[in-house]
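J.: First to last, the protein sequences are chains A and B. Position 768 of the first sequence, counted from 1, bears residue number 1257 in my numbering, the numbering being contiguous throughout. Position 456 of the second sequence, counted from 1, bears residue number 945 in my numbering, the numbering being contiguous throughout.
Treat each hint with caution, since some may be false.
In this list, chains with the same sequence are indistinguishable; a pair is considered to hold if it fits within one copy or across any two.
[Said to hold, decoys possible] Calculated lysine-lysine pairs in the DSS-like style (CA-CA distance at most 30 Å, straight line): (1) Lys1052 to Lys1077; (2) Lys699 to Lys1172; (3) Lys884 to Lys1052; (4) Lys1082 to Lys1052; (5) Lys883 to Lys1093; (6) Lys1089 to Lys884; (7) Lys1066 to Lys1178; (8) Lys1052 to Lys1172; (9) Lys1052 to Lys883; (10) Lys1052 to Lys1178; (11) Lys1157 to Lys1052; (12) Lys1093 to Lys884; (13) Lys799 to Lys525; (14) Lys1089 to Lys699; (15) Lys1077 to Lys699; (16) Lys699 to Lys1082; (17) Lys1178 to Lys1157; (18) Lys699 to Lys1178; (19) Lys1121 to Lys850.
Hints in this document: simulated from the structure, not taken from any laboratory.
Here's the letter readout for the chains.
Number of protein chains: 2
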Amino acid sequence: MESMMIYMPIVAAALGLIYMLIKKSWVMKQDAGDGKMKEISDHIYEGALAFLNAEYRLLAIFVIIVSIALAGVSFIVPTTHWMIVIAFIFGAVFSAYAGNIGMKIATKTNVRTTQAARTSLPNALKISFGGGTVMGLGVAGLAVLGLTAFFLIFFHYFMGGAWTNTDQMTIVLETLAGFSLGAESIALFARVGGGIYTKAADVGADLVGKVEAGIPEDDPRNPATIADNVGDNVGDVAGMGADLFGSYVATVLAAMVLGNYIIKDMGGNITAEGFAGIGPVLLPMAIAGAGIIISVIGTMLVKIKNNEAKEAQVMGALNVGNWTSIALVAVACFGLCKYMLPETMNMSFFGEAEDGGNLMKSISSMRVFYATLVGLVVGGVISAVTEYYTGLGKKPILEIVQKSSTGAGTNIIAGLATGMISTFSSVLLFAIAIWASYAFAGFYGVAMAASAMMATTAMQLAIDAFGPIADNAGGIAEMSEQDPIVRERTDILDSVGNTTAATGKGFAIASAALTSLALFAAYVTFTGIDGINIFKAPVLAMLFIGGMVPVVFSALAMNAVGKAAMEMVYEVRRQFKEIAGIMEGTGKPEYDKCVAISTKASLKEMMLPGLLTIGFPLAIAFLPLAFGMENKAIAEMLGGYMAGVTVSGVLWAIFQNNAGGAWDNAKKSFEAGVEINGEMTYKGSDAHKAAVTGDTVGDPFKDTSGPSMNILIKLTCLIGLVIAPILGGHAEDTATAEEVNKNVIQVNVEETTKDNVAINAVTLEEENI
Amino acid sequence: MESMMIYMPIVAAALGLIYMLIKKSWVMKQDAGDGKMKEISDHIYEGALAFLNAEYRLLAIFVIIVSIALAGVSFIVPTTHWMIVIAFIFGAVFSAYAGNIGMKIATKTNVRTTQAARTSLPNALKISFGGGTVMGLGVAGLAVLGLTAFFLIFFHYFMGGAWTNTDQMTIVLETLAGFSLGAESIALFARVGGGIYTKAADVGADLVGKVEAGIPEDDPRNPATIADNVGDNVGDVAGMGADLFGSYVATVLAAMVLGNYIIKDMGGNITAEGFAGIGPVLLPMAIAGAGIIISVIGTMLVKIKNNEAKEAQVMGALNVGNWTSIALVAVACFGLCKYMLPETMNMSFFGEAEDGGNLMKSISSMRVFYATLVGLVVGGVISAVTEYYTGLGKKPILEIVQKSSTGAGTNIIAGLATGMISTFSSVLLFAIAIWASYAFAGFYGVAMAASAMMATTAMQLAIDAFGPIADNAGGIAEMSEQDPIVRERTDILDSVGNTTAATGKGFAIASAALTSLALFAAYVTFTGIDGINIFKAPVLAMLFIGGMVPVVFSALAMNAVGKAAMEMVYEVRRQFKEIAGIMEGTGKPEYDKCVAISTKASLKEMMLPGLLTIGFPLAIAFLPLAFGMENKAIAEMLGGYMAGVTVSGVLWAIFQNNAGGAWDNAKKSFEAGVEINGEMTYKGSDAHKAAVTGDTVGDPFKDTSGPSMNILIKLTCLIGLVIAPILGGHAEDTATAEEVNKNVIQVNVEETTKDNVAINAVTLEEENI
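Kindly generate the complete structure, drawing on both the sequences and the hints.
T.: Take a look at the structure:
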């Protein structure tokens, strides 16, 4: 039984994917409505497909270049195996495929949701959330399937399917890192490219359509309206999917790497403890597998019965599913930690010994479980905090609304300040999460906290993806001129979708932050350097540079939206002028031209931020290497860079996401009317116009640059981990405690193998904790 | 001769102050114009005085509380002497007095500048720059006088005026840190309070006066106009003065602390090398002293002859003075390094030995000189970079202007992006500066780079302070209805002043960053901890929290401006409504009420950011102490916090200063007219209105929250240094090389004094570098 446990995650992933296929065929069987609706939906589908195909063609070139580079590295560096190239390609393909599944189902579900909304709200929810479920399970299922399949392959290839030693497992996991790198690279371009696409189309459509021509949003006469709806799918659906696919894989991988070091700390062999002797390595995969099954159960719980339901009931239905999933994951974590981990483990705590050396502590499996609880709780609380700062009717939003009465300037200041203030509680929570999960079970605890948080990814994505589907459904209702009740129903879903989009971003950055820290820890442990000491000037300098990169990245992304939107504006203006009868509805707008512009511009503009993300860590590693700097010193500098990117990236992500979300909902508040200085104020007022300006600023914040931060920080740390063997792999040089049994051993190792001096001191101190 | 060198800085400071008094009496003798001009000037003077007095009353309470706390600490901690309280009080008083001098001379010079502008531009420059010179020399002279006087006192009190040992010098410098703490505390409130004051009055005056009532800027009918002009003086003059006063003192102090550790690294005694055996400690003071004399020379070179001169010539005149000063400082640094330092010194480089221990390197005095050159060059280049991103007619500004044509939203996005992008080159420069000056001479090199940069403080302040004086002079010209040529002349000076304000902010943050790093290094060395290792989760958590504080601080400052401005808006509206004949010029506005509102609101609103700045480091130190956490672990956490604040603070300072400056000049571009899409566009156009909105957002950025970052980072590191004796002073525990003579010795010390284990390994490796 125990030895079969290694196949559990892959079976769970397969089950999840089978359920996904069943759900997909059910969705596809639903009525897709009449001719006009279908026509619009097809336009959106084709536009999205056109973008993805163009994007994949470009990324194929990227994948080939990186593959060649990785192959070159694997020839030079003995600890890097050429199979990393295969893993990398598959990671990229899986990630692209997962995004593709999500995008396809979303563009098929939107019109069916519109059609269902003609009969009832519960049906519309059932179908839109069904589409989200397909997306969520597709992404999560493929992530777990791919990762565990490659792990099994490498485990058999390098180790013959049974534990040999830590170094060989390190090679297995280093090779597996290629899969994660492939997934995260695609995610970078999907997030950034999709983010630029969606906002360029959105801003372009609004500036000419709503502001200049005075026609409503989603009006079929607007040539950019299809591009706008395509944007929702390629940005919010495919981009988000690729992002979480990458996070899922990276989190589990980082936890596995750190799990391997536990086995090392325990003497290098725990085969007596079962699970092929790799319990701590296997645990994160098992939790991920369990999470898929749990998510299936969670999605089944999401339903409403009342056709007269409002936002609160719909939100309630989603919450039931979500919180049940989280509770079940907690239960699963308890069982799996208890079942799969040795009752007590030895973990080396960096620098905690009296003399500044590493302290070996005895850690019970329950402490790992507590660490997973930290992850689950923090994930939930961060979502709640995000909702407070961006939610309709909450104090921060009401203040922005008030400030809109004195113009756009004060509205902008208030929005910026809200985003900035919101970093306070989120960062405090992170700090507590890092500290607490580390205190329970070291950096393995941090990684397991992230793994537990990510276990409900399928559920989170289902909740997330249903928003843009409902948004699209509303657009189709508008464009195909349905009965107002249809739009009302889709609006209820859309409004809930806006809230889940904001909390989903909170979840995404929280998981990305913990994942990055886990990768950071894996990197430091792998290179065997003496921590990351910022009292060294070069390391400190890199901390500064790392801190700067997310800021410049955000600026590039924002400028990219501006440029792409401008091109869209000129094209829409041209069509309004040149196509006869377009405003009367007799001339047909050239939707495809707008789609092509958004596609081309976003692909072009995503290059520079991508280059920045990938180029900086490579430059930091290879430039000093070329100048003959010592490997360990470079490794420490790169670590400083990673820390800088992570700290600054988390701050700018929270700032931008929450400011953007707050501006959006401040603007939305005017739809129902708000009281300013004792007077009811509505859409069309000067205050509302000021709020619209705020929303324009917030759009690239919350949909382009803000969410890109997740990928930036994860990819940075992942690149570090992948090039770690070039810089170090010194970990095996330092001595370890050989014979350890539930005693606590304090080890301090100093090793100098240089010409005239060699000191080797090992201190053992027995005490029970 | 050599032993007299210790008195050189104090003599130089005294000479500077005497020149300042001469210059002051010359300025005061100039014609102050006719009755109306004098009346307005008196209003401004009284308003500014009222604010400063109210501020000082409040700060007196603060000083008393902190003094009591410090006295308490000095009773408990043996290495902290009670004299630190005296030093603290004097630091606070000197800083307040320096701000006072600046503010008084500025408010006396403004009207004289207006009067001089009636005759010629060269005269107007002569007087306004004369006022700036008084301010600059007053601040710098008092800083050097106070610091060196207290150093002499403590040097004689604790050490009998001759070298004894490192530990006693440490006590001298720790006590001296009180002076710096006092100065920086006052600077915090002066900067933040002044920043809130000036923007609240400015925004309030504009919103009701310009926008609602449609009267021009500085119109005497506007009740807030006096408060607006007072704001220029309390924010840009007194605030900036206190800021640079604090920087000057902190920089020199940090370099002295690190100089003391050089003597320690050299065996604890270098009396054979002259200068009472304290050359490395004395050098930063000597450079500061030389800088004052050099600044006097520099200010003498600033003059123009042509009455038809434009901005370029005025800027050129300032540049002649500035660059000459910088060149002379370089020459002085060469001479003083050569003269005062031992020919070669031994410095311990943290963690650079093969085994990760400290490496003792032989450093020539010329390398210290090279480090000072790094500081001078980087100071100059950062100013140039700042000018590029915020200068009229430069590419970034032109792009913001273009983006204004599509509305406030795109203008804001472009401005934000400009500020964000500008962090790229500035941070790269910092990173290079840190690396290079460290490579030349360790953290002492970093501190000396900062000291050299700060040596021209008097000159920088003169250039800086002349801007608001000219701005005020223009306001007085407008309010007293002078001939348009007068306003034209003051506008030329004002426009140049805007550029120098932006570059001055670049200089201020560059020096603050290097100062903070030097303080950080002094802190780490003092506490004797093993560097700051962010691979420890608690330290990493503090890095996150530190990174968050500048963001939240900025948000609080911005919100404070918003609240204070709102109160001003209501008051101005009330006066317009209730005072009969106010718009016809027959009713007299109640200027003093507006002044009182700005005063009260800014003092109230500066509390929370101040509390945040001071409270966080104290909480991080004392909370874990209360829970029994180990001192060294706490010291390392606090170090992580300092690093987080510094990295994030530098980023947010550059971002906010440059974004604000860019928006300001984008708006100004419309005054002369700009070409947008082939069409000339002027003031009053829609694009201009969008640019005005951008400027409204930028105002608190560049004048309140942005410049406050300097103080936040310096004060944070200074608080760390002052509470360091409570946490550590472990430096003396670790062994040092006792007998070292121009050989390079590699020392690695591991000491464990615990119960059962003690390893003590000292490795000496001789080699010549």
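J.: Checking Lys1077 and Lys699: alpha-carbon separation at most 30 Å within a copy, between copies, both or neither?
T.: within (18 Å within a copy, 47 Å between copies)
J.: Tell me, please, which holds for Lys1093 and Lys884 at an alpha-carbon limit of 30 Å: within, between, both or neither?
T.: between (40 Å within a copy, 22 Å between copies)
J.: Go through the copies and call it for Lys884 and Lys1052: within, between, both or neither, with a Cα cutoff of 30 Å.
T.: Answer is between; shortest inter-copy Cα gap is 16 Å, intra-copy 35 Å.
J.: At most 30 Å between C-alpha atoms: does Lys1157 with Lys1052 qualify within a copy, between copies, both, or neither?
T.: both (26 Å within a copy, 24 Å between copies)
J.: Within a copy, between copies, both or neither: which one fits Lys1121 and Lys850 at a CA-CA cutoff of 30 Å?
T.: both (26 Å within a copy, 20 Å between copies)
J.: What label fits Lys1082 with Lys1052 when the C-alpha limit is 30 Å: within, between, both, or neither?
T.: within (17 Å within a copy, 48 Å between copies)
J.: Can you give me the call for Lys1089 and Lys884, within, between, both or neither, at a CA distance of at most 30 Å?
T.: So Lys1089 and Lys884 pass the 30 Å test across copies only (26 Å; inside, 41 Å).
J.: Checking an output row: Lys699 and Lys1082, CA cutoff 30 Å. Within, between, both or neither?
T.: within (19 Å within a copy, 45 Å between copies)
J.: State whether the alpha carbon distance between Lys1089 and Lys699 is at most 30 Å within one copy, between copies, both, or neither.
T.: within (24 Å within a copy, 45 Å between copies)
J.: Checking Lys1178 and Lys1157: alpha-carbon separation at most 30 Å within a copy, between copies, both or neither?
T.: Both ways: Lys1178 and Lys1157 sit 11 Å apart in one copy and 24 Å across, limit 30 Å.
J.: My question is about Lys1052 and Lys1172: at a cut-off of 30 Å on alpha-carbon distance, are they close within one copy, between copies, both, or neither?
T.: Answer is both; intra-copy 29 Å and inter-copy 26 Å each pass.
J.: Is the C-alpha distance from Lys799 to Lys525 at most 30 Å within one copy, between copies, in both cases, or in neither?
T.: within (28 Å within a copy, 66 Å between copies)
Comparing the model with each earlier hint shows no violations; every hint is respected.
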